[in-house]
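Chains as they are written, first to last, in numbering that gives the first Met the number 0: chain L, 0 to 341; chain F, 0 to 341.
Derived from the structure by calculation, the hints contain no laboratory data.
A few of these clues could be false.
Examples of chain L residues lying across from chain F (beta carbon under 7 Å, computed) [unchecked claim]: (1) Asp167; (2) Val210; (3) Ser214.
Here are the computed lysine-lysine pairs in the BS3-like style, where the Cα-Cα straight-line distance is at most 27 Å [to be verified]: (4) F:Lys106 x F:Lys288; (5) F:Lys94 x F:Lys110; (6) F:Lys228 x F:Lys325; (7) F:Lys110 x L:Lys110; (8) L:Lys110 x F:Lys325; (9) L:Lys106 x L:Lys325; (10) F:Lys110 x L:Lys106; (11) F:Lys106 x L:Lys228; (12) L:Lys106 x F:Lys228; (13) L:Lys228 x F:Lys110; (14) F:Lys106 x L:Lys110; (15) L:Lys288 x L:Lys302; (16) L:Lys271 x L:Lys228; (17) L:Lys94 x L:Lys110; (18) L:Lys228 x F:Lys325; (19) F:Lys94 x F:Lys325; (20) L:Lys271 x L:Lys209; (21) L:Lys288 x L:Lys325; (22) F:Lys228 x L:Lys94; (23) L:Lys106 x F:Lys106; (24) L:Lys271 x L:Lys302.
Selected chain L positions facing chain F (in silico; Cβ < 8 Å) [stated by the list, open to error]: (25) Glu52; (26) Leu53; (27) Glu103; (28) Leu143; (29) Met149; (30) Asn238; (31) Leu339.
The model shown is predicted, which means the values in this text are computed figures rather than measured ones.
Don't be surprised by glycine CBs; every beta carbon is placed ideally from N, CA and C.
Each chain, written out:
Number of protein chains: 2
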Amino acid sequence: MLELSERKQHILAVIVERYIATGEPVGSKVICTQMGNAVSSATIRNDMADLVELGLLAQPHTSAGRIPSQAGYRYYVDNLMADYELDADEQERIKIWLGSFSSEPDKLLEKAGSILAELTNCVAVSSSPADSDAIIRRIELVPLSNHTAMIVLLASSGILKSAVVRSDAEINMDIAEVFYNICQTYFVSRSVSDISIPFIQTLVASLGDKVFVMSPFLCAIADLCEAVKTTDLHLKGQNNILNHSELSEEAFGLMDFIHRGTPLENMLDSHKAPLNVAIGSENVYRELKNSTTIFSKYSVGNKDSGSIGIIGPTRLDYAHLIPTIKYLAGVIGNMLTETLDE
Amino acid sequence: MLELSERKQHILAVIVERYIATGEPVGSKVICTQMGNAVSSATIRNDMADLVELGLLAQPHTSAGRIPSQAGYRYYVDNLMADYELDADEQERIKIWLGSFSSEPDKLLEKAGSILAELTNCVAVSSSPADSDAIIRRIELVPLSNHTAMIVLLASSGILKSAVVRSDAEINMDIAEVFYNICQTYFVSRSVSDISIPFIQTLVASLGDKVFVMSPFLCAIADLCEAVKTTDLHLKGQNNILNHSELSEEAFGLMDFIHRGTPLENMLDSHKAPLNVAIGSENVYRELKNSTTIFSKYSVGNKDSGSIGIIGPTRLDYAHLIPTIKYLAGVIGNMLTETLDE
DNA sequence: GTTAGCACTCACCCACACAGAGTGCTAACA
DNA sequence: TGTTAGCACTCTGTGTGGGTGAGTGCTAAC
Numbered sequence: 000m001l002e003l004s005e006r007k008q009h010i011l012a013v014i015v016e017r018y019i020a021t022g023e024p025v026g027s028k029v030i031c032t033q034m035g036n037a038v039s040s041a042t043i044r045n046d047m048a049d050l051v052e053l054g055l056l057a058q059p060h061t062s063a064g065r066i067p068s069q070a071g072y073r074y075y076v077d078n079l080m081a082d083y084e085l086d087a088d089e090q091e092r093i094k095i096w097l098g099s100f101s102s103e104p105d106k107l108l109e110k111a112g113s114i115l116a117e118l119t120n121c122v123a124v125s126s127s128p129a130d131s132d133a134i135i136r137r138i139e140l141v142p143l144s145n146h147t148a149m150i151v152l153l154a155s156s157g158i159l160k161s162a163v164v165r166s167d168a169e170i171n172m173d174i175a176e177v178f179y180n181i182c183q184t185y186f187v188s189r190s191v192s193d194i195s196i197p198f199i200q201t202l203v204a205s206l207g208d209k210v211f212v213m214s215p216f217l218c219a220i221a222d223l224c225e226a227v228k229t230t231d232l233h234l235k236g237q238n239n240i241l242n243h244s245e246l247s248e249e250a251f252g253l254m255d256f257i258h259r260g261t262p263l264e265n266m267l268d269s270h271k272a273p274l275n276v277a278i279g280s281e282n283v284y285r286e287l288k289n290s291t292t293i294f295s296k297y298s299v300g301n302k303d304s305g306s307i308g309i310i311g312p313t314r315l316d317y318a319h320l321i322p323t324i325k326y327l328a329g330v331i332g333n334m335l336t337e338t339l340d341e
Numbered sequence: 000m001l002e003l004s005e006r007k008q009h010i011l012a013v014i015v016e017r018y019i020a021t022g023e024p025v026g027s028k029v030i031c032t033q034m035g036n037a038v039s040s041a042t043i044r045n046d047m048a049d050l051v052e053l054g055l056l057a058q059p060h061t062s063a064g065r066i067p068s069q070a071g072y073r074y075y076v077d078n079l080m081a082d083y084e085l086d087a088d089e090q091e092r093i094k095i096w097l098g099s100f101s102s103e104p105d106k107l108l109e110k111a112g113s114i115l116a117e118l119t120n121c122v123a124v125s126s127s128p129a130d131s132d133a134i135i136r137r138i139e140l141v142p143l144s145n146h147t148a149m150i151v152l153l154a155s156s157g158i159l160k161s162a163v164v165r166s167d168a169e170i171n172m173d174i175a176e177v178f179y180n181i182c183q184t185y186f187v188s189r190s191v192s193d194i195s196i197p198f199i200q201t202l203v204a205s206l207g208d209k210v211f212v213m214s215p216f217l218c219a220i221a222d223l224c225e226a227v228k229t230t231d232l233h234l235k236g237q238n239n240i241l242n243h244s245e246l247s248e249e250a251f252g253l254m255d256f257i258h259r260g261t262p263l264e265n266m267l268d269s270h271k272a273p274l275n276v277a278i279g280s281e282n283v284y285r286e287l288k289n290s291t292t293i294f295s296k297y298s299v300g301n302k303d304s305g306s307i308g309i310i311g312p313t314r315l316d317y318a319h320l321i322p323t324i325k326y327l328a329g330v331i332g333n334m335l336t337e338t339l340d341e
């Protein structure tokens, strides 16, 4: 790690924080005042020149002040940033906002995304748990009309998926009973990755005369298992991209990137640590080379499941946003774990 | 309605279609060629001057060609536009895309929005049916674990709402039975607007010792009824706003507008006709004064329910988009009606 | 009513000058 | 050796003026 004199660290911190606040390059004179005129602006200029040399600061042009380079932000996040905890008020507010309506996992994640977008003024992304090894906990048939029913599947990943199925035959108690038995025998307690199309086909073949009645339901179950294995991304606050003038050049590319879906999923999947902060070109995808991504995983029942986080400019209030995202991920994890309580 | 000579109509049509295709102002010479040199460019210039006089064309500046004014688009849509039907291929493609996974109403609408965004390169908006007079068709309790259950509510508007509820007491057959009886007696066949907070309070008071077990469920039902009364908006293809250079000036305002939600809901609610095309300042909200909105209502069980449509620039391929949106609305209506079949 | 011919009008592009902010460097100082 | 005052320098942003070209509007003839 880079060794910096106390004063240079202080100067770097002032520049980062001031630039984060104003978006304007910071000149030596301003820093001088900010530091209570402890040293002259010329001294600060000398230090700033050194910091540029070290790659921690950048100069948009000769006659402008300095702005943090991506490495400068990184140094700030790793070494200078004040530890900040959400105060009880903020914590309470988030909890109430999130829990005002006890909802399904997918809706909870969507709502968490909305909250995050609101709090951060960035694009918020939340991913629902995708777990190929998830076990089917329960499957229920909910009759809706004579010919339609809803199938609900609860997986050990805490995720709940449902589909509406239409059957040509009337859905009565008999059918429900048969469905229940099939589920208990062939589906419940198995891994979702066992439920392949061939599996369904063999199963269907063994059903005899019930095959026509049952097959739409069984196909729906296969679809639901597929859905359990698939990551769902929820995007919120896309309007915030245009809020950040430094992103206006690449707003189009960014928008396109987040709408493409798959690369974003891959990125979230590749995260190993519970918290990931990627500044500028630390991001794998070059579409994000001028953006910062902050993502936190949440865990359902002690197992890392999905992520929630933001995509924004590199000029971000890291000191406040990182703890906020961490906290939100914690709350979501707890709420989703509850559904699995036996 | 404005009386125009055959030739002027033709010139207007050429200008509108060419401008839609290229985005460049159209000059007299180009039109001349397009019309097979039937008349000279000077003649066309004279006609164009008349069309400007009538307010159907506009001139970005003296030495540029002409572009359609908003009134010009309107005249085109009302009188000149070719009637276009989706061919069987396109129809089939939409149906397959939409119906690949028999889904819940909300998800169906979301998917329809995605399809529309894809097909039109515009922001697609779909609203789920909100009906204050909807009748509760069914309420079902789906146990998920010892202490959590899902409540599913089907309303006559074709909409299905669900919530996950956590109860301190264990959820067993007894509780399911009590719940079922309460639902049959107090909820099913009533209008969702009857299920007010006071109603729930009186009901709770009459439950005696079951009050603690039941109240979270009953509160959830009240929330669900509220949800049935509320319009849900699904936005898709927001990246498309940046695709249209003519909207880049107001991209920020537009983005903000569609994210505010309520005005958009009000707009959809105010539509009386099955198909609404508002060009530029025909839109009530001034944020849309340079945009076009095309919305079609879909009906569930012969009753107008929600809308689906797009927001884009005034420069749109009206001749193709309008039939596409109409068709999609028709398909959605049919699919949602099916769920209600008794 | 239609056409050819021509002057005219802007938007666009480029080059240039000017002001202002903030620096880099030098020489003096503690 | 580290710090400071002073000053020339550099580069952006803005505004001004001339040149080019596309497309028009107008006039006079057909």
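For each hint, the structure was consulted:
1. Asp167: For Asp167 (chain L), the interface hint is violated, since the closest Cβ of chain F sits about 11 Å away, which is over 7 Å.
2. Val210: Violated: closest Cβ of chain F sits about 18 Å from Val210 (chain L), beyond 7 Å.
3. Ser214: With a minimum Cβ separation of about 12 Å from chain F (threshold 7 Å), the hint on Ser214 (chain L) is violated.
4. F:Lys106 x F:Lys288: violated, 31 Å
5. F:Lys94 x F:Lys110: Roughly 11 Å between the alpha carbons, so the hint for Lys94 (chain F) and Lys110 (chain F) holds.
6. F:Lys228 x F:Lys325: Holds, because 25 Å separates the two Cα atoms, which is no more than 27 Å.
7. F:Lys110 x L:Lys110: Roughly 19 Å between the alpha carbons, so the hint for Lys110 (chain F) and Lys110 (chain L) holds.
8. L:Lys110 x F:Lys325: Violated, at about 32 Å.
9. L:Lys106 x L:Lys325: Distance ~20 Å between Lys106 (chain L) and Lys325 (chain L) Cα, so the pair holds.
10. F:Lys110 x L:Lys106: Holds, at roughly 16 Å.
11. F:Lys106 x L:Lys228: holds, 18 Å
12. L:Lys106 x F:Lys228: holds, 18 Å
13. L:Lys228 x F:Lys110: holds, 19 Å
14. F:Lys106 x L:Lys110: Holds. Lys106 (chain F) to Lys110 (chain L) sits at ~16 Å (cutoff 27 Å).
15. L:Lys288 x L:Lys302: Not OK: Lys288 (chain L) and Lys302 (chain L) at ~31 Å, beyond 27 Å, violated.
16. L:Lys271 x L:Lys228: At roughly 19 Å apart (the allowed maximum being 27 Å), Lys228 (chain L) and Lys271 (chain L) satisfy the hint.
17. L:Lys94 x L:Lys110: With Cα atoms ~11 Å apart, Lys94 (chain L) and Lys110 (chain L) stay inside 27 Å; holds.
18. L:Lys228 x F:Lys325: Roughly 35 Å between the alpha carbons, so the hint for Lys228 (chain L) and Lys325 (chain F) is violated.
19. F:Lys94 x F:Lys325: Holds, at roughly 13 Å.
20. L:Lys271 x L:Lys209: violated, 47 Å
21. L:Lys288 x L:Lys325: holds, 23 Å
22. F:Lys228 x L:Lys94: holds, 25 Å
23. L:Lys106 x F:Lys106: The given pair, whose Cα atoms are some 12 Å apart, holds under the 27 Å limit.
24. L:Lys271 x L:Lys302: Distance ~13 Å between Lys271 (chain L) and Lys302 (chain L) Cα, so the pair holds.
25. Glu52: violated, 39 Å
26. Leu53: Result: violated, 37 Å to nearest chain F Cβ.
27. Glu103: holds, 5 Å
28. Leu143: The hint holds - Leu143 (chain L) has a Cβ within 8 Å of chain F, the shortest such distance being about 5 Å.
29. Met149: Because about 6 Å separates Met149 (chain L) from the closest Cβ in chain F, which is inside the 8 Å limit, the hint holds.
30. Asn238: holds, 4 Å
31. Leu339: holds, 6 Å
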